[in-house]
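Protein sequence lines, in the order shown, are assigned to chains B and Y.
Heads up: the first sequence begins at 35 in the numbering used here, then just goes up one per residue.
Heads up: the second sequence begins at 35 in the numbering used here, then just goes up one per residue.
Calculated directly from the structure, the hints in this document are not laboratory data.
Treat the hints with caution; some may be incorrect.
Copies of the same chain look alike in the list, so a pair counts if it fits in one copy or across any two.
As the list claims (entries may be wrong) - Think about it this way: if two alpha-carbon atoms lie no more than 27 Å apart in a straight line, the pair counts; the simulated DSS-like pairs of lysine-lysine are:
no., residue 1, residue 2
1, Lys-179, Lys-198
2, Lys-201, Lys-172
3, Lys-198, Lys-150
4, Lys-172, Lys-214
5, Lys-201, Lys-150
6, Lys-201, Lys-214
7, Lys-214, Lys-179
8, Lys-150, Lys-172
9, Lys-60, Lys-150
10, Lys-214, Lys-150
11, Lys-60, Lys-179
12, Lys-241, Lys-150
13, Lys-201, Lys-95
14, Lys-214, Lys-198
15, Lys-198, Lys-60
All figures in this text were calculated on a predicted structure; none of them were measured in a lab.
The chain contents come next:
Protein chains: 2
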Amino acid sequence: MSEEGAVVVLSGGQDSTTCLFWAKRKFPGEIEAITFDYGQRHRIELESAARVASIANVPHKILPINTFNTLGGNALTGEIEVSSELDSESGLPNTFVPGRNLIFLTFAAAYAYQRKISNLVTGVAQTDYSGYPDCREKTIQALEKAINLGMESEVNIHTPLMFKSKKETVELARDLGALKAMGYTHTCYHGQQPPCGACPACILRAKGFEEAGIPDPLTARFEG
Amino acid sequence: MSEEGAVVVLSGGQDSTTCLFWAKRKFPGEIEAITFDYGQRHRIELESAARVASIANVPHKILPINTFNTLGGNALTGEIEVSSELDSESGLPNTFVPGRNLIFLTFAAAYAYQRKISNLVTGVAQTDYSGYPDCREKTIQALEKAINLGMESEVNIHTPLMFKSKKETVELARDLGALKAMGYTHTCYHGQQPPCGACPACILRAKGFEEAGIPDPLTARFEG
């Protein structure tokens, strides 16, 4: 296993984009970005990821997952509208796709396994985790253990943003020279570009840039 | 969450078939069988699973996974020939699909989550585990923890065959009335029906029936 390279799970959003630049600085070996095409309603995420990888000058692969669509029941892949209310029964956002990060990281580990790369990087964050239990540190640690037992591997899952606020993530992106790429990331739950500015994801993003005192290169691009 | 029903991961082989009949006896609620169409080279596995579910009178769903094919590098989904030798580097069989059981069980848990079913059943066995690290009890326990943290669920993964020899599994199948269904299961790595009798999977199967002193209903069907 090469401990020098890394596979970054790149969604095309601001967090995973920051992680891509973090990985480039952290690891001396080859960095690869992978994006999952899991039937997300907003195809612009895939274009954003490809654009970001290109700006970062990192090889990029899109891997398909056609399974979530057959499970149904959430707003990111199905016909349900995104709601800012939590589900009255589960207490989770209706954008929660059960098992999504578990599946992404397990496939990423299988991908890394084939390439003998031992580092995985994901942008999940517990701080602003927005109600997604699969973004918590405990979940990632348990999954890392399951993956290493299940593949007889020594994968390290890195989560550089785990305890950062959105403000701190924006500052990190600036320090890593990721702001240009940030202008091509995608966050809006409504899939709009320019972003709608009103959905929970847009609001959280705007707050982070505002608190960091840095103009969002994405909105700036459309105001230009 | 209903603790009365169960989702059984049914591959169409003898172990998962035995588990399906085990679940029917164990849980008073509805039993469902799911099979993953992950691009396995031998499509007969899917037909076997459907036939077994039909004999067991259990609803059956086939869920697609188109991701493994894009990862490459193994004999069950790729163009590589099945080998009875272990890989000199990894020490694993070349039929090992990295992460396969982790992915199957996580998707099965997501499926069960949508249906508010808390029991999952899988036929993995450590005893005769044939070199697959994702069949070990430690792996399954770690994964159960990751799933429950990641989905805020209380899924129980049941592995009734974990410490059984193939002989004991055959005896259990007989005691559960699963022998008729066993005649339509599929085991042969070469995808042949009647089974080739010479591949590692056929040899392991034949040994189990022989030691249990029970004729294999599958081979009996072709000798008929």
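Results of checking the hints against the structure:
no. : hint               : in the structure
1   : Lys-179 to Lys-198 : both (23 Å within a copy, 25 Å between copies)
2   : Lys-201 to Lys-172 : within (23 Å within a copy, 39 Å between copies)
3   : Lys-198 to Lys-150 : neither (30 Å within a copy, 34 Å between copies)
4   : Lys-172 to Lys-214 : neither (33 Å within a copy, 45 Å between copies)
5   : Lys-201 to Lys-150 : neither (35 Å within a copy, 37 Å between copies)
6   : Lys-201 to Lys-214 : within (17 Å within a copy, 63 Å between copies)
7   : Lys-214 to Lys-179 : neither (36 Å within a copy, 39 Å between copies)
8   : Lys-150 to Lys-172 : both (25 Å within a copy, 23 Å between copies)
9   : Lys-60 to Lys-150  : within (18 Å within a copy, 42 Å between copies)
10  : Lys-214 to Lys-150 : neither (31 Å within a copy, 44 Å between copies)
11  : Lys-60 to Lys-179  : within (23 Å within a copy, 30 Å between copies)
12  : Lys-241 to Lys-150 : neither (39 Å within a copy, 36 Å between copies)
13  : Lys-201 to Lys-95  : neither (29 Å within a copy, 45 Å between copies)
14  : Lys-214 to Lys-198 : within (21 Å within a copy, 58 Å between copies)
15  : Lys-198 to Lys-60  : within (17 Å within a copy, 46 Å between copies)
Checked against the numbered hints above, the structure breaks hints 3, 4, 5, 7, 10, 12 and 13 and satisfies the rest.
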